Structures are given as structure tokens and as C-alpha cells.
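Q: Following my numbering, the numbering of the sequence shown begins with 2 at its first residue and continues without gaps.
Some hints could be false.
Dumping the calculated DSBU-like pairs for lysine-lysine here, alpha-carbon to alpha-carbon at most 30 Å [claimed, not checked]:
| hint | residue 1 | residue 2 |
| --- | --- | --- |
| 1 | K143 | K24 |
| 2 | K106 | K125 |
| 3 | K90 | K125 |
| 4 | K90 | K24 |
| 5 | K75 | K143 |
| 6 | K75 | K24 |
| 7 | K96 | K143 |
| 8 | K125 | K96 |
| 9 | K106 | K90 |
| 10 | K75 | K90 |
| 11 | K125 | K24 |
| 12 | K106 | K75 |
| 13 | K75 | K125 |
| 14 | K143 | K125 |
| 15 | K106 | K96 |
| 16 | K96 | K75 |
| 17 | K90 | K143 |
So the derived label-pair ranges between C-beta atoms look like this [as the list claims (entries may be wrong)]:
| hint | residue 1 | residue 2 | range |
| --- | --- | --- | --- |
| 18 | R35 | P126 | 27 to 35 Å |
| 19 | L11 | K143 | 22 to 30 Å |
| 20 | A133 | L177 | 45 to 53 Å |
| 21 | S17 | P117 | 29 to 37 Å |
| 22 | I19 | R136 | 40 to 48 Å |
| 23 | R147 | Y180 | 38 to 46 Å |
| 24 | N157 | S17 | 39 to 47 Å |
| 25 | D130 | L16 | 40 to 48 Å |
| 26 | S17 | R136 | 47 to 55 Å |
| 27 | M154 | N41 | 22 to 30 Å |
| 28 | Y118 | S67 | 24 to 32 Å |
The hints are simulated quantities; they were obtained by calculation from the structure and are not laboratory data.
Since the model is a prediction, treat every value here as computed from it, not as a measurement.
Built from N, CA and C at the ideal position, the CB exists for glycine as well.
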Amino acid sequence: MFRGLPTGDLPDPSLSNIEQCQKIPRCLLALETRNSTLVNAKLVMEDVPALNALSLPSQTIGEPISQQGQLAYKAVIMIEGNDVSTGLKWAMLSKSIVVMPRPAKSSWFMEELLQPYVHYVPIKPDMSDVDAQVRWIVDNDKLAHRIAIRGSMWVNDMLFHDDAEEEERQIEREILSRYEALFI
């Protein structure tokens, strides 16, 4: 399941509606899975006037679904938009199976260290294998469940481990020293 705004860099307006959509990963996901019987991926178009004008196929547009509603699904698809996928942390902590392309952006959560088939089920950036990967999850329930547990353990370690608070202070000190070195 996926619900989200079609955030990301707006493509060249001289392209056709579908070509513009294909340049935005979240839009591409909704477009590629619009006829899927396994994947419920829809764009939420509120407050995005530039993309509302695209006249996308109706199968790509849906109503928002709360986090609780999303957790009724076995797997949650996380796609980066303007920055890291902000929902990734709650999705991994929820013990849902996270499906996503390899992270291209990173934050304090160290997304670049997450491993495919260890912490999440990978999909290609062109979204061409989403149905196949969701089918893999259905066909490999025990392995998929282990991936969800490891993802949840990653979040727990990052946020709730006994050393997490001290590690956060160390990171803050390191950031401050780098700023001081550059600007003072």
C-alpha cells in the first residue's frame, strides 16, 4: 500500500502529462501499479496545483489513509519525495514489511546503511518490479516477516537503545565542531 503526495522535482512542463508523471517516482509508482490486484498505490493530490493540472488517470488518485489504516496492509511502500521518506521510521517500527527503492538520500537515520532483504524488500527505481516484489512477499511469508522484524529492530536500536541518548549527544558535538571549524 502507498498513499502520498507526488512530491519531488517537477519535470519539464513541455512533456506530456504521462511523461511528467513518469519523472516523479511517487507518481510513477501509482501509474505503474494502477491496474494491480496486489498493490494499492495512489497519489493524494490535495495542495499540489501543478500536478492537479496533469489530468492523470483516475486509477492513480486516491483519498488519504491514516497510518493506522495503512497498517491493515501487510506491506507499506515508502518512496522518497523532496527528501528522505519521512514515513520510513514509523513504517519500519510498525513491523510492517517496508518495500522501497534503495535510499538515495540520507539523514540521521542512516538510510544508506539499510540492507535489501534484511531491513526492507527492494524495488527498482523505475517501479517495474513492484508487483513481482509484493508477490515475493506473499509467497515468502516467513522470510518477509523476518525482514519486518529486522527493520523494527533497526528503529528500536536507533531510538530506544540504552546508548542512543549518548550517541545523539556525540553526534551533536561532532556537528557543532564541524560548524565551528568551517565558520569560526
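Q: With reference to the structure, classify each hint as holding or not holding.
A: Tested hints:
no.: 1; hint: K143 - K24; in the structure: 35 Å, violated
no.: 2; hint: K106 - K125; in the structure: 15 Å, holds
no.: 3; hint: K90 - K125; in the structure: 21 Å, holds
no.: 4; hint: K90 - K24; in the structure: 25 Å, holds
no.: 5; hint: K75 - K143; in the structure: 12 Å, holds
no.: 6; hint: K75 - K24; in the structure: 28 Å, holds
no.: 7; hint: K96 - K143; in the structure: 13 Å, holds
no.: 8; hint: K125 - K96; in the structure: 22 Å, holds
no.: 9; hint: K106 - K90; in the structure: 14 Å, holds
no.: 10; hint: K75 - K90; in the structure: 16 Å, holds
no.: 11; hint: K125 - K24; in the structure: 14 Å, holds
no.: 12; hint: K106 - K75; in the structure: 25 Å, holds
no.: 13; hint: K75 - K125; in the structure: 20 Å, holds
no.: 14; hint: K143 - K125; in the structure: 23 Å, holds
no.: 15; hint: K106 - K96; in the structure: 22 Å, holds
no.: 16; hint: K96 - K75; in the structure: 9 Å, holds
no.: 17; hint: K90 - K143; in the structure: 22 Å, holds
no.: 18; hint: R35 - P126: 27 to 35 Å; in the structure: 18 Å, violated
no.: 19; hint: L11 - K143: 22 to 30 Å; in the structure: 42 Å, violated
no.: 20; hint: A133 - L177: 45 to 53 Å; in the structure: 46 Å, holds
no.: 21; hint: S17 - P117: 29 to 37 Å; in the structure: 33 Å, holds
no.: 22; hint: I19 - R136: 40 to 48 Å; in the structure: 25 Å, violated
no.: 23; hint: R147 - Y180: 38 to 46 Å; in the structure: 41 Å, holds
no.: 24; hint: N157 - S17: 39 to 47 Å; in the structure: 45 Å, holds
no.: 25; hint: D130 - L16: 40 to 48 Å; in the structure: 24 Å, violated
no.: 26; hint: S17 - R136: 47 to 55 Å; in the structure: 31 Å, violated
no.: 27; hint: M154 - N41: 22 to 30 Å; in the structure: 27 Å, holds
no.: 28; hint: Y118 - S67: 24 to 32 Å; in the structure: 29 Å, holds
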